[in-house]
Amino acid sequence: MKNILCIFILFVTTSFNGDVLHVASEYALDEVYIKQELDAGTLDQDGNEIDFIFTPHQLKAGKYEISITDGPGDLYEIKGTDFYITFVGYYGYAGYGDEGLLIINTYGSGKFIKYED
Numbered sequence: 001m002k003n004i005l006c007i008f009i010l011f012v013t014t015s016f017n018g019d020v021l022h023v024a025s026e027y028a029l030d031e032v033y034i035k036q037e038l039d040a041g042t043l044d045q046d047g048n049e050i051d052f053i054f055t056p057h058q059l060k061a062g063k064y065e066i067s068i069t070d071g072p073g074d075l076y077e078i079k080g081t082d083f084y085i086t087f088v089g090y091y092g093y094a095g096y097g098d099e100g101l102l103i104i105n106t107y108g109s110g111k112f113i114k115y116e117d
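The opening residue of the sequence shown carries number 1 in the UniProt record's numbering; numbering runs sequentially from there.
Incorrect hints may have been included.
What the hints assert, rightly or not - In silico lysine to aspartate or glutamate, EDC-like type, Cα no more than 16 Å apart, as pairs:
#, residue 1, residue 2
1, K111, D46
2, K35, E65
3, K35, D46
4, K63, E37
5, K79, E99
Said to hold, decoys possible - Label-pair restraints from in silico Cβ distances:
#, residue 1, residue 2, range
6, N105, T42, 32 to 38 Å
7, D51, G95, 34 to 40 Å
8, T106, N48, 36 to 42 Å
No lab work stands behind these hints: they were computed from the structure. Ideal placement from N, C-alpha and C gives every residue a C-beta, glycine not left out.
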């Protein structure tokens with residue numbers, strides 16, 4: 001068991017090109033959303049035109065190397081995709097990109113492990 005843990009720690013702290021990364025923080029994932037574009041002329045409840053909505057989405061279980069950036073409201077955009085995430089607690093400012101490992105479990109729960117340079 002200790003050998004497996006050591007291998008996992010080595011994997012997490014070393015990127016594929018050999019650069020050393022440090023695990024800065026771990027954040028519990030609340031929900032995953034997908035951005036859905038709407039037809040022109042779609043209105044919200046107040047009669048204002050809207051271009052898109054965010055709907056809950058289930059990502060396939062697995063590990064994903066991602067970069068997140070600030071999105072609208074409490075959402076964080078997974079860069080290069082139409083997916084957005086929220087966290088159980090406070091995450092803070094992601095700016096133009098925080099890199100890390102997104103782990104999605106079989107039942108939809110997950111976490112984001114933020115890398116520190």
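Can you confirm whether the C-alpha distance between K63 and E37 stays at or below 16 Å?
The hint is violated at about 27 Å.
Does 36 to 42 Å hold as the CB distance between T106 and N48, or does it fail?
40 Å, holds
Hinted pair, alpha-carbon criterion (16 Å max): K79, E99. Please report holds or violated.
Holds: K79 and E99 sit about 10 Å apart, inside 16 Å.
Lying within 32 to 38 Å: is that true of the beta-carbon distance N105 to T42?
34 Å, holds
Checking one constraint from the list: CA of K35 to CA of D46, max 16 Å. Satisfied?
21 Å, violated
Restraint check for K111 with D46, where alpha carbons must lie at most 16 Å apart:
Since the Cα atoms of K111 and D46 sit roughly 36 Å apart, the hinted pair is violated (cutoff 16 Å).
Consistency of beta-carbon spacing, G95 to D51, with hint 34 to 40 Å:
Distance hint for D51, G95 is violated at roughly 24 Å.
Below or equal to 16 Å on CA atoms is what counts here, so check K35 against E65.
20 Å, violated
Violated hints for the displayed structure, listed by number in ascending order: 1, 2, 3, 4, 7.
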